Amino acid sequence: MAKGKVTINEDICKGCGLCVSVCPKQVLELSKTKINASGYNPAEAVNDECIACTSCAKMCPDCAITVERF
Amino acid sequence: MAVVFEKTKALTDLKMHYCPGCAHGIVHRLLAECLEESGDVKDAIVAVPVGCAVFANKYFNFDGIQCAHGRAPATATGVKRVQKDKIVITYQGDGDLASIGTCEIVHAAARGEKITTIFINNGIYGMTGGQMAPTTLPGMKATTAKNGRDPAVNGFPLRVSEMLATLDGPAYIERVSVSTPAQVTQAKKAIQKALEIQKKGLGFTFIEVVSSCPTNWGMTPVKAMEFVREKMIPYYPLGVYKDITAEGGK
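Note that the protein sequences, when read in sequence, are chains H and A.
In terms of the working numbering, the first sequence opens at residue 4 and continues consecutively.
In terms of the working numbering, the second sequence opens at residue 3 and continues consecutively.
Just so you know, these hints were derived from the structure itself, not from any lab.
No experiment lies behind these values; they were computed from the predicted model shown.
Certain hints may be false.
Claimed, not checked - Which chain H residues face chain A? A few, computed with CB under 10 Å, are given here:
{"no.": "1", "residue": "11"}
{"no.": "2", "residue": "16"}
{"no.": "3", "residue": "18"}
{"no.": "4", "residue": "24"}
{"no.": "5", "residue": "43"}
{"no.": "6", "residue": "47"}
{"no.": "7", "residue": "56"}
Beta carbons: idealized from backbone N, C-alpha and C, even for Gly.
Next comes chain H alone, as it looks inside the complex (with noise of 0.2 Å):
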């Protein structure tokens, strides 16, 4: 059961990849298949296991994320 959402602005999205390396749970991923105006893979979440610890976010050096927790 998630105890959090994250929601990534895939528009600003640069594709980094800091959030997925810090994410204790691998919620998230580079996507394979969308591909932004600027030319970036977004990251997204891939599963539910998501527990609002918001490391991502603070890791997003453009505040492309944000984090709800239930």
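Let chain H serve as the given structure and place chain A on it in line with the hints.
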């Protein structure tokens, strides 16, 4: 459902021009969050450098001045002396602060100007394409040091926090990093403390952020953060170098 993290209102909605994984964005956010949380957004003035952060004032939702190369501490000195009730911050990189601007930062610190400097140390010139900076590590490659920095030819890197901590003017000096979420939290606390000390008028405050430059280091953003932890931090140890508010005044 409660929102536990969202973009601070002290940043504009403009998309940042920085390369993917550049830590400038993290530090911009920390400064903006600190000012928003203390309610000082309308009273803040940031003096921005020449370098990658040259457009930083477009991303902050508060006043900014774009300064001549390395001269942000001199500009900030003038601003603070005529607007004593404002929070005046300089935001500078290592090419700006530790090279062309060494004179200005040393003397602003020595005078104990009541400003806060945020110093981004990533050991390279970013905007101009990866030339060797005063902070480039021995052995680290740059476009002007093809085989890596050789201290016998190029001299040794500057440790700016340690250097400034020998002066009497600074009230608070801390070196932090942003290579892990825990370090980001610590960096925010350091900036908060520096801004509080500035508000109390106790003296010059200086926060050095050991940062990365994935593009010019030729690494992925994640590898660059590993390099920060494994190579940069051993040469530039994190910690508080001066704190006159601590017991005994370190």
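Here is what the structure says about each hint:
| no. | hint | in the structure |
| --- | --- | --- |
| 1 | 11 | violated, 12 Å |
| 2 | 16 | holds, 9 Å |
| 3 | 18 | holds, 6 Å |
| 4 | 24 | holds, 4 Å |
| 5 | 43 | holds, 7 Å |
| 6 | 47 | violated, 16 Å |
| 7 | 56 | holds, 8 Å |
The structure fails hints 1, 6 (numbered hints given earlier, in ascending order).
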